[in-house]
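Asker: Chain by chain, the residues:
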Amino acid sequence: MLPKLPRESLIELCRKMFLIRYFEEALIGLHNEERFKGHYHVYIGQEATGVPAISCLGVGDYLFTTHRNHGHLLARGADPRRLLAEILGRRDGYNKGKGGSFHTNVTSLGFPQTSGVVGGIIPLATGAAYAVRAQKTDRISVCLFGDGALEEGAAAESFNMASLWKLPVLYLCENNGKYGQGKAAGTARSSTMAVYPLTDLPAGYKIPAQQVDGTNAGAVHGVVSEAVKKIRQGGGPQFIEAQTVRWPGGVTNWPVVPIATDAAIAWDVTSVPEAEREWYRDSDPVLIFIRELVEKKQVSREEISEIQQGILGVVSQAVEFAFDSPYPNSETALEDVFA
Amino acid sequence: MRELVYYEAKLEGLREILAADERVHLFAESFLGLSEHRGLFREIVKDYPDRVIAPPISEIGFCGLAIGAAMAGLRPIVDLSTASFTFEAWPQIVNEAANALYMSGGQTRAPVVFHMLHGLRGGGAAQHSHSPQAMLWNCPGLEIVLPSSPRDVRGLLKTAVNSNNPTIFIDHTLLFELRGPVPEADEAIPFGQADVKRAGGDVTVIATSYMVQRCLTVADRLANEGIQVEVVDPRTLVPLDFQTLMASVEKTRRVVIVDECHQSCGVAAELAARIGEAGFDKLQAPIRRVTTLDVPVPYSAPLEEFISPSESRVADAVRAVLS
Chain P
1 MLPKLPRESL
11 IELCRKMFLI
21 RYFEEALIGL
31 HNEERFKGHY
41 HVYIGQEATG
51 VPAISCLGVG
61 DYLFTTHRNH
71 GHLLARGADP
81 RRLLAEILGR
91 RDGYNKGKGG
101 SFHTNVTSLG
111 FPQTSGVVGG
121 IIPLATGAAY
131 AVRAQKTDRI
141 SVCLFGDGAL
151 EEGAAAESFN
161 MASLWKLPVL
171 YLCENNGKYG
181 QGKAAGTARS
191 STMAVYPLTD
201 LPAGYKIPAQ
211 QVDGTNAGAV
221 HGVVSEAVKK
231 IRQGGGPQFI
241 EAQTVRWPGG
251 VTNWPVVPIA
261 TDAAIAWDVT
271 SVPEAEREWY
281 RDSDPVLIFI
291 RELVEKKQVS
301 REEISEIQQG
311 ILGVVSQAVE
321 FAFDSPYPNS
331 ETALEDVFA
Chain H
1001 MRELVYYEAK
1011 LEGLREILAA
1021 DERVHLFAES
1031 FLGLSEHRGL
1041 FREIVKDYPD
1051 RVIAPPISEI
1061 GFCGLAIGAA
1071 MAGLRPIVDL
1081 STASFTFEAW
1091 PQIVNEAANA
1101 LYMSGGQTRA
1111 PVVFHMLHGL
1121 RGGGAAQHSH
1131 SPQAMLWNCP
1141 GLEIVLPSSP
1151 RDVRGLLKTA
1161 VNSNNPTIFI
1171 DHTLLFELRG
1181 PVPEADEAIP
1191 FGQADVKRAG
1201 GDVTVIATSY
1211 MVQRCLTVAD
1221 RLANEGIQVE
1231 VVDPRTLVPL
1241 DFQTLMASVE
1251 KTRRVVIVDE
1261 CHQSCGVAAE
1271 LAARIGEAGF
1281 DKLQAPIRRV
1291 TTLDVPVPYS
1301 APLEEFISPS
1311 ESRVADAVRA
1321 VLS
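Residue numbers (the working numbering), protein chains in the order written: chain P, 1 to 339; chain H, 1001 to 1323.
These are computed hints drawn from the structure, not numbers from a lab.
Hints are not guaranteed to be accurate.
Simulated pairs of lysine-lysine, DSBU-like, Cα-Cα distance not exceeding 35 Å [claimed, not checked]:
id : chain 1 : residue 1 : chain 2 : residue 2
1  : H       : 1046      : P       : 166
2  : P       : 4         : P       : 37
3  : H       : 1046      : P       : 229
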């Protein structure tokens, strides 16, 4: 289902989803060619959650994200050149090379802190909500985190305060292991919670909570825009669990790309290796979205191809920019400890 | 100059801060711990019901909430009550607040004050008597403040709230009844300015927090023996006014460091190392530390007294560096 938006907005969502997908695929390629070191997390498979959800927010709203932040930043309009430069530890990175993939944030886009500590941002996002209410603005705070964060005590403590004080915060939990496939495969673990469905946890704190299919851009846009409206009207916190199916390239800690995403796969998956074919056919949110765009006659397949080529160009420019950016001077390691 | 009791100066400072800046929000149950004067805090709550909030017993939650609020433009003060409870909030204080400016490459400020009561208070036992200042000093990005007089608590609290950095404000219950001069005028005491609390030419005693007052008492007593002790109070560990400490060391050439942290890797250990590195040739005796002994804090009064940096241990250390 497509979001109820004009054609131009749908095309913009399509561009953002492609940008995230191609950015992450390029990043995995660079890592596997040993052109940078270090751990990183990709957003592939969750594009139809972050992109439509973030499109529902206002310019003044706060967003807090995690180690899996690339998609959120790009959805909000971050420059892929500076994001990649940061991941490579370069001078032109958003954080001058001090944050890296785990901590990239952009305050001018409303991201005050990106924490690689599971559950670390849940109290922070709740605090920003406290602040914007104290300042008597109609801003809201959005907390973007994975299902594992609910296992942390910080989540429960934050839900309690958000509910007690009716704070304007949206908890958007991205459950990227809907079927727990990772656990079965002995690789990436899904959430280990006695509470299931996960929405029962915030609901226990009297926070309205609902689930949505995170591969369905229209459904995500619908529930998020409605939740944002209620929060902005003073209705207090809301919780949404967006469920996606974990991308088969990301079930281990070191992702590999089974096949470079191409719009043509949306209509014919035979080029995809058999082991991964089911995901690309049934659960790939980008391919689902472009298939619907074409079926609903919002765009032609030719237009999709043009968008795809355009984004591939943007990503290759980002790679060039990031590698051209020098490493920071060593002495800058001593700066930015205190304001 | 007028005189105030410590708790009066502290609450006066808090009232002045709340009146001056509506960005200041206080998350606290009492701000005076279990002191008999804690009822006075309720008067402040009445005056600022929207800005003085009693949070649930959720240290990681409300410390993180205050940090997030600071990132979004408020100037929160968080009361952790006993400093031992910082451990419940450690991930937020040391891994979120302390790192925010740095890992954002200078973008994100977290101007929050964490207020707590540290140290041996009499019967606190093992789980309510910690002095976490050395552990926190090991986490770059935090300013650390240890007031020791009525004037300092008021003046340093103002600077803490106005600071753009996360600040640890470590107070001590046993200071609350101390009387001392406090100016009528609005006074913010800058960080990084050590204070020579008593001048003397024979031995430098560097002390923090309540230990400053204990060392002043010992200095009075030793003066009767003809020993002139100089008591220097760094007042803030981060930033540290090392220059003033060294000026005193160069004058007396003998140093005792008194602090309530446990001995190993404590505040005294760090100060001793720095003085040793910078001024080994100036010293005429080995540096002596007087700290809490390296055992968990016992409950029973004589046991607690035995492990504490007591007056007699301070006096013995001073005599030792002179012998």
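Asker: Sort out whether residue 166 of chain P lies within 35 Å of residue 1046 of chain H, counting only the CA atoms.
Answerer: holds (21 Å)
Asker: Run the distance test for residue 4 of chain P versus residue 37 of chain P: straight-line Cα separation, threshold 35 Å.
Answerer: Distance of about 42 Å is beyond 35 Å: violated.
Asker: Quickly compare the C-alpha distance for residue 1046 of chain H and residue 229 of chain P to 35 Å and report which way the hint goes.
Answerer: holds (34 Å)
When the structure is compared with the earlier hints, a violation turns up for hint 2 alone.
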